[in-house]
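J.: One letter stands for each residue in the lines below.
Number of protein chains: 2
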Amino acid sequence: MPDQVILLLSGGMDSTTLLYHLRETNPKTPLHTISIDYNQRHRIELNYAAQLSPLAGATSHRVLPLGLTRIGGSPLTDPDLDIPAAAKGEQAVTVVPFRNMLFVTLAAACGETLGAYDIYLSPVRDDYEAYRDCRREFYDSLEASLRLGASHDTTFRIHTPLIERTKVDVVTLGLRLGVPYELTHTCYEGTRPACGVCDACSERLDAFRANDTIDPLEYEYELRPDP
Amino acid sequence: MPDQVILLLSGGMDSTTLLYHLRETNPKTPLHTISIDYNQRHRIELNYAAQLSPLAGATSHRVLPLGLTRIGGSPLTDPDLDIPAAAKGEQAVTVVPFRNMLFVTLAAACGETLGAYDIYLSPVRDDYEAYRDCRREFYDSLEASLRLGASHDTTFRIHTPLIERTKVDVVTLGLRLGVPYELTHTCYEGTRPACGVCDACSERLDAFRANDTIDPLEYEYELRPDP
Numbered sequence: 136m137p138d139q140v141i142l143l144l145s146g147g148m149d150s151t152t153l154l155y156h157l158r159e160t161n162p163k164t165p166l167h168t169i170s171i172d173y174n175q176r177h178r179i180e181l182n183y184a185a186q187l188s189p190l191a192g193a194t195s196h197r198v199l200p201l202g203l204t205r206i207g208g209s210p211l212t213d214p215d216l217d218i219p220a221a222a223k224g225e226q227a228v229t230v231v232p233f234r235n236m237l238f239v240t241l242a243a244a245c246g247e248t249l250g251a252y253d254i255y256l257s258p259v260r261d262d263y264e265a266y267r268d269c270r271r272e273f274y275d276s277l278e279a280s281l282r283l284g285a286s287h288d289t290t291f292r293i294h295t296p297l298i299e300r301t302k303v304d305v306v307t308l309g310l311r312l313g314v315p316y317e318l319t320h321t322c323y324e325g326t327r328p329a330c331g332v333c334d335a336c337s338e339r340l341d342a343f344r345a346n347d348t349i350d351p352l353e354y355e356y357e358l359r360p361d362p
Numbered sequence: 136m137p138d139q140v141i142l143l144l145s146g147g148m149d150s151t152t153l154l155y156h157l158r159e160t161n162p163k164t165p166l167h168t169i170s171i172d173y174n175q176r177h178r179i180e181l182n183y184a185a186q187l188s189p190l191a192g193a194t195s196h197r198v199l200p201l202g203l204t205r206i207g208g209s210p211l212t213d214p215d216l217d218i219p220a221a222a223k224g225e226q227a228v229t230v231v232p233f234r235n236m237l238f239v240t241l242a243a244a245c246g247e248t249l250g251a252y253d254i255y256l257s258p259v260r261d262d263y264e265a266y267r268d269c270r271r272e273f274y275d276s277l278e279a280s281l282r283l284g285a286s287h288d289t290t291f292r293i294h295t296p297l298i299e300r301t302k303v304d305v306v307t308l309g310l311r312l313g314v315p316y317e318l319t320h321t322c323y324e325g326t327r328p329a330c331g332v333c334d335a336c337s338e339r340l341d342a343f344r345a346n347d348t349i350d351p352l353e354y355e356y357e358l359r360p361d362p
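Going down the list, the protein sequences come from chains Y and G.
Per the numbering used here, residue 136 is the first one in the first sequence, and the count goes up by one each step.
Per the numbering used here, residue 136 is the first one in the second sequence, and the count goes up by one each step.
It is possible that some hints are incorrect.
[Said to hold, decoys possible] Here chain Y is said to cover these stretches of chain G; the calculated rule only asks that three of the stretch's residues, wherever they fall, bring their Cβ under 8 Å from a Cβ of chain Y:
id : region
1  : 160–167
2  : 194–202
3  : 274–282
These are calculated hints, taken from the structure and not from any lab test.
Keep in mind the model is a prediction, meaning the values are calculated, not measured.
Even for Gly, the Cβ is constructed at its ideal location relative to N, Cα and C.
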């Protein structure tokens, strides 16, 4: 385990589970959490990340601003575009161009200042299809770019320990770790109660159901499978 | 030449010269300029970039915000740190971690929305020493990362046509092209008249002197070599 690590914490289910996992497996390693405020429609997740970080025993928490609104093209950052319902199979339109690349690079910039060169983030297997920047080969390449672009001759490592896990696996792990899922935020609409119909809500509800557990979150509307 | 191109325009000497060079060599190719507002101490350069872009005949100009202040570590983004004078040989402290990587990735994010996959920027040979992210091998790696991280299967190209040129060469080229250097901004202190003693001013003044030309900018203090 490295001297100290950085975790990109969105406040969602996956990164929060990874936070608790890292605290369990390496309780003594200083862990700095970073959230990115990119004016996302579900900006409310930042409030949950700020609560979860100290609750899990992280060493520090930072919120870095990143203005993606003027880039446009995604309903996650453009309030004029609608979030598609899960049923429509249009997850691809929620892509924010190069979001993970920008997030990791910002974390690395912070890491240079902190002297922390190990960055954790939590893409999962379910993200592959719609989001190319959730694949390991991309992170291998990004590690090389960080090494070449760093101010000093340093080796950054990008850790994606959940990349081969499904969201169902993540919830299984998190339930064992006692993750307070009622404090995580998932809904793309950014509402509480959660909308229950966007892709993000739909995947989350499925993952809890597959674990034979009730999601502790309140939902506006819950699509239930036929009995 | 590609269908349309993006140029990272800081408003400084090098990127402005590249802007005029691209307009001369490819006058009909749509060219979108992008400046990054990272709350740099020399934020005044953004005003000059905004004037230079339409003056040179660019197709569009965008300013993208990028909050680096909370990352800290560099006097270019932390107002509490002093800019070293050129004489001190401390250019390395002005490094902003991963600045060019963040800039290029933001330009690529914009490029995805615009359908422009050719990104120009203007590192020059003099930047090698202090700034590792001004080397071509870094940009080759970054091109690979952009290809893997793009939302669609696309080939981004990062063009650095001045990377083997010195600042003296750049001024030679720019004088031939009629670049209005009085509208470019270089000084790290961000003042007009320019300070004349920071690294950036010092290199600029040297480049004009080597071209036997007077820099049209006004300086607060001009270090002149002994006669």
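J.: Taking 8 Å as the C-beta cutoff, is the stated coverage of the region 194–202 of chain G by chain Y satisfied by three or more residues?
T.: Since 6 is at least three, the answer is holds.
J.: Counting residues of the region 274–282 of chain G that have a beta-carbon nearer than 8 Å to any beta-carbon of chain Y, does the count reach 3?
T.: holds (count 5)
J.: Are there three or more residues in the region 160–167 of chain G whose C-beta lies within less than 8 Å of some C-beta in chain Y?
T.: violated (count 0)
Against the hints set out earlier in the document, a violation occurs for number 1 only.
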